[in-house]
Each structure stands twice: as C-alpha cells, then as structure tokens.
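*Asks:* In my numbering, the protein residues as written are 1 to 196.
Hints listed in this document are in silico derivations from the structure and should not be mistaken for laboratory results.
Be careful, since some hints might not be right.
Said to hold, decoys possible - Subject to a maximum C-alpha distance of 30 Å in a straight line, what follows is the list of computed DSS-like cross-link-like pairs (lysine-lysine):
| no. | residue 1 | residue 2 |
| --- | --- | --- |
| 1 | Lys100 | Lys14 |
| 2 | Lys79 | Lys159 |
| 3 | Lys113 | Lys14 |
| 4 | Lys100 | Lys141 |
| 5 | Lys141 | Lys159 |
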Amino acid sequence: MGDSENIIVGTAGKAYAAPVGSTFPLGPELAWGTDFVDMGFITPDGLEEAMAEERTQLDAWGEDAPVVDLAKKRTQTFKLTFRETTAQLLALYYQVQMSKMTSTPAVTESPAKKQFISFGSGSTQDTVEIALGLDVIYGGKRHRIMIARCGVSDRGARKHSAEDSSNYELTFTALSAPGGAQSVQHMITDVALPED
C-alpha cells in the first residue's frame, strides 16, 4: 500500500553559492555557513535535476548478453532559472570572474549619475566555478543537495521585454570535488531506511 506522505512536491526552494572548498552544513535543518550567499528569487519552474550515464558493456564468446556492464561516466546536472540581476549571476551567465568586473560609484552632485557595473565577456579559459547548495522545501520536509564544485554548462537565452523579468536560466554540472570528496551529497528529511 502506498503512503501519500512519501510524495515530494517542491513548493519552495533556495539556492546558495560559495567558493569551492567551503564547508557544507552537517544536516538538512542546519543553517548555511557565512560563505554561502543566497542567489535570490527562482522562477516557479523550480529545480530540474538530471543524471546521465555513459556505460561500457563487455561481451563474452558464446554468451548472448553482456557479461559485464560498467559505468564509464556519470554526469549530474541541476537547472534553475533566477529572476534577480546580481553580480554573482552576471558572472555565472557571462562566464567572467567578479574580480574582473568594475563598479563605478554613483555621483550625487549635479549632474547626478547612477552607480554601474561594467565588464567584458569572459574568455573560454576564464572559467567560473562555485560550490552550490540547494534546498527543496515541501510540507515541512527538506531535500538538501550539496554540490562541492560545479560550473555552468548551459545557459538559456535572456529575454528583455515588458512581459517578464530578464531571467538567468543556468544549468550547473557537478565536477569532481577537491580532495577526492563526494561531488554531490543529498540529505532528505523523514525518509527511513528499511530495517534488516
């Protein structure tokens, strides 16, 4: 018999960015460390998580099915669309380090001028990598996903119009973690392991 309590509906969520090498919380209900910065509002589409595998199959003489099936590569991706324009999201979308951006301060005396940020498009050699923390919240439960090191592997087109905000659709691909740690960790509340 099924149990409706086990159905996950992601009614809300948050994304946090930190420098690679930052320490993740040790539980899904614990606060994120000061290294982790809230990345802002996310569209109602929420989070799209995907896992793809490349596999190698080995055959044997006289056998009509593979005798070994090996996972060659596993790729995990996380797709989110952000609504806010921040220096962090500009850096990720345009693939440019924040240290290479320039902020020109506002001028208050006449003629007054607004503060502005300026930067050139990043080069293919100038990769931007972060540690990414994700919280999916549903009915008091929490699914926390921690990606030790990732980069943006795909970007949606940005639309500038009066009909919607100028969003940042970003797909993050998990990369090998520093120091041989797990590249992606999951913590999910209220899911029990079967008893032996």
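*Asks:* Which earlier hints turn out false for this structure, listed by number in ascending order?
*Replies:* 3, 4, 5
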